Each structure stands twice: as structure tokens, then as C-alpha cells.
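Peer 1: Can you make the complete structure from the sequences, with help from the hints?
Chains as they are written, first to last, in my numbering: chain E, 14 to 244; chain B, 108 to 194.
These are calculated hints, taken from the structure and not from any lab test.
Any given hint might turn out to be false.
Which residues of chain B face chain E? A few of them, derived with a C-beta cut under 8 Å, are [unchecked claim]:
| no. | residue |
| --- | --- |
| 1 | I121 |
| 2 | P124 |
| 3 | Q125 |
| 4 | A128 |
| 5 | Q146 |
| 6 | V178 |
All values reported here derive from a predicted model rather than from experimental measurement.
Ideal Cβ positions, reconstructed from N, Cα and C, are used throughout, including at glycine.
Listed below, chain by chain, are the residues.
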Amino acid sequence: MSRIGVVTFPGTLDDRDAARAVRLAGGEPVALWHGDADLHGVDAVVLPGGFSYGDYLRAGAISRFAPVMSEIVDAANRGLPVLGICNGFQVLTEAHLLPGSMIKNDHLHFVCREQVLSVDNVDTAWTRDYTQGERITIPLKNQDGQYVADEHTLDELEGEGRVVFRYQDVNPNGSRRGIAGISNARGNVVGLMPHPEHAVEEGFGPDGGKGPRTGTDGLRFFTSVLHALVG
Amino acid sequence: MGRVVVDVMPKPEILDPQGKAVAAALSRLGFDQFANARQGKRFELEVEGEVTDEVLAAARAAGEQVLSNPVIEDVVAVYADETAVTA
Numbered sequence: 014m015s016r017i018g019v020v021t022f023p024g025t026l027d028d029r030d031a032a033r034a035v036r037l038a039g040g041e042p043v044a045l046w047h048g049d050a051d052l053h054g055v056d057a058v059v060l061p062g063g064f065s066y067g068d069y070l071r072a073g074a075i076s077r078f079a080p081v082m083s084e085i086v087d088a089a090n091r092g093l094p095v096l097g098i099c100n101g102f103q104v105l106t107e108a109h110l111l112p113g114s115m116i117k118n119d120h121l122h123f124v125c126r127e128q129v130l131s132v133d134n135v136d137t138a139w140t141r142d143y144t145q146g147e148r149i150t151i152p153l154k155n156q157d158g159q160y161v162a163d164e165h166t167l168d169e170l171e172g173e174g175r176v177v178f179r180y181q182d183v184n185p186n187g188s189r190r191g192i193a194g195i196s197n198a199r200g201n202v203v204g205l206m207p208h209p210e211h212a213v214e215e216g217f218g219p220d221g222g223k224g225p226r227t228g229t230d231g232l233r234f235f236t237s238v239l240h241a242l243v244g
Numbered sequence: 108m109g110r111v112v113v114d115v116m117p118k119p120e121i122l123d124p125q126g127k128a129v130a131a132a133l134s135r136l137g138f139d140q141f142a143n144a145r146q147g148k149r150f151e152l153e154v155e156g157e158v159t160d161e162v163l164a165a166a167r168a169a170g171e172q173v174l175s176n177p178v179i180e181d182v183v184a185v186y187a188d189e190t191a192v193t194a
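Peer 2: In C-alpha cells, the structure reads:
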């Protein structure tokens with residue numbers, strides 16, 4: 014069974030949900046500690062959401078220097094699948110594994126909603142179980158969610174198909190070109206602001222086709238990586 | 108005791124939502140002289156001895172590598188704070 018590491022920093026909130034999502038998808042979650050420079054042989058890593066180090070300095074800025082992160086950066090550069098969710102996405106940009114950055118939502122309010130996204134690249138380790146252009150609904154909850162990058166970087170991301178998720182129906186935070194998530198060139202590192210790990214089990218997710226709270230659109234992030242690992 | 112100040116501001120081309128909110132609040136409160144506001148960060152780094160050129164260079168490096176994110180922010184000033192109390 015594939016082992017998926019889930020990192021806990023001081024101030025991480027969604028590590029338990031991420032571990033649960035891995036388990037529901039059929040993988041074995043492995044808790045990784047920020048101060049431990051050891052990936053314990055995991056096959057992939059999830060950086061979950063929350064407010065690591067209280068968002069001090071900038072969201073994700075201090076976490077980037079955690080001992081576990083230097084291991085993750087090396088392993089990601091060798092092809093290890095890494096998914097950054099919300100604060101985890103912010104950590105990945107601060108660690109320069111993904112380009113751009115997140116600033117405060119344009120309207121300055123914390124946003125918490127069920128968000129529709131399109132999956133615009135199904136060739137990454139974390140999206141291969143989706144269909145190209147598929148619309149999915151997963152929760153979005155953040156304060157610093159406005160994705161920004163210079164025009165050259167944005168053009169490059171679009172040109173190389175590295176815009177993996179785009180907000181649909183509404184742009185909830187002013188993100189450039191409606192970008193909700195991106196990948197690195199190789200497609201093993203993916204980051205997004207919305208939370209797939211909160212939409213993996215009927216009864217606990219957003220509203221879905223079968224009724225209130227039946228949405229499980231996030232589960233295939235985790236089945237995708239498991240399928241990617243077994244080839 | 109010496110002190111170095113590092114000032115970090117959002118890049119001019121990056122919309123500064125906090126600055127915008129500050130500008131709106133100022134005009135609402137009658138400070139209508141100000142057409143715009145931007146909000147940045149000031150870091151005060153203290154050293155045991157004097158602020159040497161070496162210390163300033165280290166502060167500049169820290170400003171670029173840690174205290175700011177070059178994607179969204181610029182280090183706009185690094186200087187010795189002459190008002191720092193000498194122990």
C-alpha cells in the first residue's frame with residue numbers, strides 16, 4: 014500500500030482531514046513532523062492547510078525553513094509527488110517549488126464557501142482521475158488567497174498547461190486570471206487554495222448531486238496520486 | 108547596541124488590499140488630504156556591537172532572502188537607526 018506523508022507544522026489545522034482523505038482513497042497516511050528532517054520513506058507528501066506559524070512574516074514564509082522542508086524540496090525536485098493545499102500551497106510558493114505568491118483577498122474578508130473549479134490539466138500526479146475541463150465543487154476558506162504573479166510567469170503557466178485549476182462562476186479573491194491551482198513543469202508538484210480533503214466522504218462535504226453534504230469531488234486527488242504511484 | 112532598519116513594501120504593480128482599506132478609512136474619517144495609501148513592514152534588527160558595513164550587508168541579504176518575498180515585495184531601505192540607545 015502506498016504511503017502518503019502528511020506534514021504537521023505548528024499551526025497546521027487540516028492534517029487530520031488530509032490523513033483521513035488518504036485513508037479513504039485507499040492509501041496509508043504517515044504523519045510527518047516539521048522538525049524532523051526525514052520523510053520516512055513515503056511515496057508522496059501532502060502539505061495541508063492551516064495557519065503555520067500564525068502566518069507570521071508572510072503565510073508559509075517561516076514553514077519553508079523547517080527541517081522537513083529541505084527534504085521535501087530535494088525529493089520534489091527528484092519527482093516525488095507533492096500536493097500543497099491552501100497554507101500548503103503558500104509554503105510551496107515560498108519554497109520556490111511553485112511560482113507566484115498569494116496576497117490578501119482583494120475584498121479583505123475571510124472567505125468560506127463551496128467553490129466550483131474546473132480541472133484544466135489532468136496529466137499531473139494529483140489530477141489524473143479527473144476528466145479534462147471537469148467542474149468540481151470543494152470548499153474554499155482563506156484570508157490570503159489572491160494568487161499573483163508577473164505577466165510573463167502567468168503567460169508561461171498558461172502556455173505550458175500548468176494552470177491546473179481555475180475558479181468558475183465567480184472569482185472569490187481576485188486571483189490573476191482566475192487561477193485556483195498550478196503545477197510545476199514536471200507535474201509532480203501541485204498547489205491550490207481550495208480544500209479537496211474536505212470533500213471526500215458523504216455526510217461531511219459540500220452539497221453534491223445526491224443531496225446536501227454528499228459532495229465527494231475532492232477524493233480523486235488522493236486516488237489520482239495512488240494510481241500515479243502504481244504506474 | 109546597534110540597530111538596523113529594513114523597510115519592505117508591496118511592489119508598486121501589486122494591488123495592496125490593506126493599503127486600499129487604509130486609504131478608504133482615512134477619507135471616511137476626514138483625512139481627505141490623502142489620495143492613496145500603501146502598507147508595508149518595518150523590521151528592526153538589533154546587534155550587540157556597532158552597525159558595521161558587514162552588518163548592513165547581512166541585513167540586506169536577510170531582507171532579500173527572508174524578510175521579503177521578491178514576487179510581491181521590495182526591500183526599499185536598509186539603514187542604521189542612529190537613534191538606537193547605546194548600552
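Peer 1: Confirm or reject each hint.
Peer 2: Hint check results:
no.: 1; hint: I121; verdict: 6 Å, holds
no.: 2; hint: P124; verdict: 4 Å, holds
no.: 3; hint: Q125; verdict: 6 Å, holds
no.: 4; hint: A128; verdict: 5 Å, holds
no.: 5; hint: Q146; verdict: 10 Å, violated
no.: 6; hint: V178; verdict: 4 Å, holds
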